[in-house]
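Chain A is already provided as a structure; the job is to place chain B on it using the hints.
Protein sequences, first through last, are from chains A and B. The UniProt record's numbering applies: residue 1 is where the first sequence begins, and numbers increase by one. The UniProt record's numbering applies: residue 1 is where the second sequence begins, and numbers increase by one.
It is worth saying that the hints were derived from the structure and are not from the lab. Beta carbons are placed, not taken as given, at the ideal position from N, Cα and C, and that holds for glycine. Any given hint could be a false lead.
[To be verified] Under 7 Å between C-beta atoms, here's a sample of chain B residues computed to sit facing chain A:
| hint | residue |
| --- | --- |
| 1 | Arg-23 |
| 2 | Asp-88 |
| 3 | Gly-94 |
| 4 | Gln-95 |
| 5 | Pro-96 |
| 6 | Leu-123 |
| 7 | Val-149 |
2 protein chains.
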Amino acid sequence: MSFPDRLAGSAATIGAALDGILRDHPEGTIAQAMRYAVGGGKRLRGFLVLESAGLHGIDRDAALPAAAAIEALHAYSLVHDDLPSMDDDDLRRGQPTVHVKWDEATAVLVGDALQTLSFDLVLSCDLPAARSVALGRDLARAAGARGMVLGQALDMAAETAEVPLDLNGIGRLQSLKTGALIEWSAVAGATMADADPAALRAYAQAVGLAFQIADDVLDVEGDAATTGKAVGKDADANKATFVSLLGLDAAKAEARRLTDAACDALAPYGAAADSLRDCARYVVSRDR
Amino acid sequence: MSFPDRLAGSAATIGAALDGILRDHPEGTIAQAMRYAVGGGKRLRGFLVLESAGLHGIDRDAALPAAAAIEALHAYSLVHDDLPSMDDDDLRRGQPTVHVKWDEATAVLVGDALQTLSFDLVLSCDLPAARSVALGRDLARAAGARGMVLGQALDMAAETAEVPLDLNGIGRLQSLKTGALIEWSAVAGATMADADPAALRAYAQAVGLAFQIADDVLDVEGDAATTGKAVGKDADANKATFVSLLGLDAAKAEARRLTDAACDALAPYGAAADSLRDCARYVVSRDR
Numbered sequence: 001m002s003f004p005d006r007l008a009g010s011a012a013t014i015g016a017a018l019d020g021i022l023r024d025h026p027e028g029t030i031a032q033a034m035r036y037a038v039g040g041g042k043r044l045r046g047f048l049v050l051e052s053a054g055l056h057g058i059d060r061d062a063a064l065p066a067a068a069a070i071e072a073l074h075a076y077s078l079v080h081d082d083l084p085s086m087d088d089d090d091l092r093r094g095q096p097t098v099h100v101k102w103d104e105a106t107a108v109l110v111g112d113a114l115q116t117l118s119f120d121l122v123l124s125c126d127l128p129a130a131r132s133v134a135l136g137r138d139l140a141r142a143a144g145a146r147g148m149v150l151g152q153a154l155d156m157a158a159e160t161a162e163v164p165l166d167l168n169g170i171g172r173l174q175s176l177k178t179g180a181l182i183e184w185s186a187v188a189g190a191t192m193a194d195a196d197p198a199a200l201r202a203y204a205q206a207v208g209l210a211f212q213i214a215d216d217v218l219d220v221e222g223d224a225a226t227t228g229k230a231v232g233k234d235a236d237a238n239k240a241t242f243v244s245l246l247g248l249d250a251a252k253a254e255a256r257r258l259t260d261a262a263c264d265a266l267a268p269y270g271a272a273a274d275s276l277r278d279c280a281r282y283v284v285s286r287d288r
Numbered sequence: 001m002s003f004p005d006r007l008a009g010s011a012a013t014i015g016a017a018l019d020g021i022l023r024d025h026p027e028g029t030i031a032q033a034m035r036y037a038v039g040g041g042k043r044l045r046g047f048l049v050l051e052s053a054g055l056h057g058i059d060r061d062a063a064l065p066a067a068a069a070i071e072a073l074h075a076y077s078l079v080h081d082d083l084p085s086m087d088d089d090d091l092r093r094g095q096p097t098v099h100v101k102w103d104e105a106t107a108v109l110v111g112d113a114l115q116t117l118s119f120d121l122v123l124s125c126d127l128p129a130a131r132s133v134a135l136g137r138d139l140a141r142a143a144g145a146r147g148m149v150l151g152q153a154l155d156m157a158a159e160t161a162e163v164p165l166d167l168n169g170i171g172r173l174q175s176l177k178t179g180a181l182i183e184w185s186a187v188a189g190a191t192m193a194d195a196d197p198a199a200l201r202a203y204a205q206a207v208g209l210a211f212q213i214a215d216d217v218l219d220v221e222g223d224a225a226t227t228g229k230a231v232g233k234d235a236d237a238n239k240a241t242f243v244s245l246l247g248l249d250a251a252k253a254e255a256r257r258l259t260d261a262a263c264d265a266l267a268p269y270g271a272a273a274d275s276l277r278d279c280a281r282y283v284v285s286r287d288r
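Isolated chain A, as found in the complex (with noise of 0.2 Å):
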């Protein structure tokens, strides 16, 4: 099966999995909006999970609640980075943002509710009780203020800094918005089965560093329709990126660079980690 096709597999499998659970919620204006906000996607990190935990002998359906859980979190902070008052953006995957669809208070609620509905369903995978602590304390961990809220607090303080970032700044930012989330997804298959999350978490490392840098270069050379999101808004807010600092070239060249180290992190696992390496590839050769 060709990677693309491998990852839009699991996108279905996953989604159907989000909407089963959604099914079952009162209906309403939350529900019908939470729904909305965890559709489409590439589902990249709940396809990090489900090819972990196969890498480690876990059951696809044992894991298939915690891949939802962590794309039901991403949606989450999606749909609170949209807010007027975060990101003010009216566009995503292509369709109006909560917000703008529905109002900004039922915004608000969808992100609370889709970060709590994380929790519940990474706490209902079918593990020893002690590895699904272990999943959803290493999940708060990479979400919070210590982690992913704690990167976009920085993102926002970095645009009206009077000094802009430099590498090094922009690194640790990046690591912690979106670095800590793929981390948690990639090193998931290790964390369920107890085993040693140190090569994961090397590609992992790697290929969230990769995937930004492929952001901001998508930034500067996609176009909207194709992304479905508002491009240039880097150069616009004069905000430091990889390729601001970097160059194009550079950044570009760096990015590959991490692909191949994410490749060699994964040598222990042989053969059977290379949907993982197709994955790194991807990351930074996707054109939205």
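Relative to chain A, chain B alone:
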């Protein structure tokens, strides 16, 4: 020890635990605003956790993270409820709300991070892992789109509905909006001990409703200086409340009846549950 002293002692213990955890966070606006947001308050929900844990022989130190968790979750709900797009409140516990003291984006992130923290904490109790999983999942069910968030959404919908809610409608709304977290808190001790939760659940349902009726009474009879928040808001908004539907005297009588029912529900615990009975009486007699 008198009940107010006992409650104040537990509030101080829980407050110190939260403050200690947040001082371990990377210094910055978010951690600072999180400490601000969890400051003060009666910490009734945390008290219920510690008392119900004690009734079931759970060590106070083992239960403390769960008490801190529910207070972090409650604080998140207040920070987001106060947002301009939600209830638009400038004052909370006599102090400027987070979005007034900082800004809206900070308030969104602080609420998000406090919710995340609550799941980190609830999974940090020194308990058998299966009990931690049960606590965490029950908390997610109580807080999310089938619990507190649904209640909040119903409350918002009621404000613009053409037909005001009747007594059943208000009862359902409140059992979700404030009742679900109160119930989780009171039942937590039974959950930690894998014991029958029926008596504590009956207690919590009566206390939760009495609490909300008392709140509606305070909105009519209280003054802003004592309650630390705006009063008379419900009448101004022409909102159906227990007081508007029952009248002031009947509402007070119903709160007293519920208090008695709550105390009676604790019969299986005998005199060991007297603190919880004191708490039920306190809830309807408080002036803020």
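Do the hints match the structure? See the list:
no., hint, in the structure
1, Arg-23, "violated, 12 Å"
2, Asp-88, "violated, 10 Å"
3, Gly-94, "violated, 24 Å"
4, Gln-95, "violated, 21 Å"
5, Pro-96, "violated, 17 Å"
6, Leu-123, "holds, 5 Å"
7, Val-149, "holds, 4 Å"
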